[in-house]
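Peer 1: Chains as they are written, first to last, in this note's numbering: chain A, 1 to 93; chain B, 1 to 354.
Accuracy of the hints is not assured; some may be wrong.
Subject to a maximum C-alpha distance of 30 Å in a straight line, what follows is the list of computed DSS-like cross-link-like pairs (lysine-lysine) [to be verified]:
{"#": "1", "chain 1": "B", "residue 1": "Lys207", "chain 2": "A", "residue 2": "Lys88"}
{"#": "2", "chain 1": "B", "residue 1": "Lys125", "chain 2": "B", "residue 2": "Lys236"}
{"#": "3", "chain 1": "B", "residue 1": "Lys236", "chain 2": "A", "residue 2": "Lys88"}
No wet-lab data here; the hints were simulated from the structure.
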Amino acid sequence: MNGAISAQTIPALRRGIRRHYDATREQNVLLCPERVILLDDIGNSIIELCDGERSIAAISLALAERYAEDPAQVEADVTSFVQELSDKGLVTV
Amino acid sequence: MIAELTHRCPLQCPYCSNPLDLLKAADEKPTDFWAALITEAAQLGVLQIHFSGGEPTARRDLPALIAHATALGIYTNLITSAVLLDEAKLGELARAGLAHVQISIQGANAESADRIGNYRNGHEKKLAIARLVPALGMSLTINAVVHRQNLHELPEMIELAASLGADRLEIAHVQYHGWALRNRAALMPTREALRQADAVVAEQREKRRGSMAIDYVIPDYYADTPKICMGGWGQKLLIVAPDGRVLPCHAAETIPHLAFQHAGAHPLREIWETGPAFTAFRGTGWMREPCASCAFKELDFGGCRCQALALSGDARATDPACHRAPDHENLQHIAADEAGSGITSFHYRRYAHS
């Protein structure tokens, strides 16, 4: 099976997927084929860092510092969010 | 928003979602109409436009319209048969900002697919174009429409989509409206074949997880509950026909007495918010029993109005796909009878007088 991820995984938005600020709904969204995913601030911050260069560990560390949260908890949250996006075919890992 | 730029199409698929009465080139709207509509759509909050048809690449202004939508921050999808495209034209669409290309296939091999689309060498052309899409940085969806005459090819179609580099595969059982309703006896699968297909999809979904997403649309005739149609009537989607009429769904014009307004003649916001076609079945206020007191009424919003009309003779009737509908058993009988009909010839999608 494809798509199992770890702290060393380097996620990137899949081709054709775009992050967009929607002025009408005053919200960040992920624009994907046939669907729109509304992003909360955390989700938006994670996707912003899915640049194909940073690992999940690096993304988690950056966010833990930014929000002054427990790094282990942040890494668990980031991992499950990226896994979900990967399963939906929106992020490559 | 679905922009049906034209009804012209080189293919003649017998399950086309276009109406039986196809609009001609002379009925189509010019570039400035579509450009103004796209601007209005952006102001209304439309996030995605699906350029569709007919075959949208038959319009020479397609790259300009995609560029216009992209400049307004709208995500653009192209729903295409791909047979009119070549490498240069596809490159032009990519440079205009096109994000997602959805290419239909009619079967797993040329012999089967070209018979169903009634277009020689169409299958090979589609494959050649599909292979170019990922390299140009666009998302590729393969849309495999399945029915009795190609359902046995499903495993090969899935393999084919993966070999083309598809990000996403949509396996759609034919929905019986318009042309597909006319060809229903030639298309209806047996319950047993459907069960096998369900199992194939479940297994392949798991196998391809993370590499190719698989979406699956099941046929209403074998369902026990109605599908939410278009995300709820007048709630998520609007369709603009080639002549500029704004419709809540592809088959809405089969419903008599529904009045469709023309974009350009009224503000798009007004058509969407208070237009008679969009308010006719929006929400749950139009419902009668058993729908009005149903616990699921805000989950499926009563399913499909066009199907209720076509099969029960009343657009306000309970969707016969629902097990609570008086016509539900009848629907199952139709499915079983027609699946065993042995009919293989099609009424191909054509203009009435050509």
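Peer 1: Against this structure, judge whether each hint is valid.
Peer 2: Quick rundown of the hints versus the structure:
In summary, the hint linking Lys207(B) to Lys88(A) is supported, as the alpha carbons are separated by about 13 Å, within the 30 Å threshold. With a CA separation close to 34 Å, the supplied pair Lys125(B) and Lys236(B) exceeds the 30 Å bound. Between Lys236(B) and Lys88(A) the alpha-carbon distance is near 21 Å, which keeps this suggested pair within the 30 Å criterion.
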